[in-house]
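Taking the numbering used here, the leading residue of the sequence shown gets 1, the next gets one more, and so forth.
Since the hints were made in silico from the structure, they are not lab data. All figures in this text were calculated on a predicted structure; none of them were measured in a lab. Relax, there's no trap hidden among the hints.
No farther apart than 16 Å at their CA atoms in a straight line, the calculated lysine to aspartate or glutamate pairs in the EDC-like style are these: (1) 228 with 250; (2) 232 with 19; (3) 133 with 253; (4) 91 with 69; (5) 44 with 19; (6) 296 with 309; (7) 276 with 107; (8) 301 with 159; (9) 2 with 69; (10) 172 with 295; (11) 133 with 221; (12) 22 with 233.
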Amino acid sequence: MKKVIILGSTGSLGTQSIEVLKKYRKEFEIIGLSGNKNVDLLRKQAKELGVKNLATTPEEILSLASHPDADVVINVISGIAGFSPTQAALKSKKTLILGNKESIIIEGLPSPVIPLDSEHNAIFEILKCRPNKNPARLVIPASGGPLLNIPDLSKVTLEKALSHPKWSMGAKISIESATLINKGFEIVEAHYLFGVPLEKIEAKIHPECEIHGIVEFEDGETLAYFGKPDMKEHIENALLHVLGVPTKRDIREVDLKSLNLPSPPNHLPGIELVLKAHRQGKMREFLVKEEESLEKLFAEKINFPTFLEELF
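Construct the complete structure from the given sequences, taking the supplied hints into account.
Here you go:
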């Protein structure tokens, strides 16, 4: 039985991770949980699961990430706070299931991880289907979010920006999705995870959210991962990979030219903002600035248009 630590267990991905792990009680045992502000939920989770190892402070979380009894660490902490726990888990030779993209995009990673983002997990699964082939091009689908067809962002409210039409997510990731900041992060993340040059990775608009990742191989074969917009599927993929159990997902050959996948619209600036920060070697500074602006946005100290202005 594999012993598991969940970092960020009270967030959206954390609670879904617990749901999926309950299906595999004979294969996995949760031995540690961490949370931030939602201490009541953390204690409730611990009581229900019989977990004694809890962490809420940065020091406690670092210690939990390298717990000597843990085989697997699932890091789904939101934001820059997840960076140091990732480093601690890797240094301790844990199998790391990573849903904290900041850990990757700040400076890459020294060790392989199992990606949890739906797009990267989909690409990861596709690449497993063709272990002897090299990827030549990656396509990361983007729903476009709630602002896809609103070219004038000057009157967009926080409520509107948070109202994703397909995915159920936390507030931070919802805003990043609405602005396509998240897609910028995902392009850089894919570059580091799969070793594909940035110029060979692109985001394409796909409001239906049926395709989660596309890989074109050097010989021209192109495979796409189809599925519902449900993170629990990708969490399960990651856990099955740890167990060495093949997944049975809908991965099929496609003709890219026949798919209706337009480029992202110019009025959503997130991708270019992120890639600019990456090219300038200022990703950490961008992430800090973004989190500070998000905090003000959620506290209603600034409105959504001002939030965007602060990032330029």
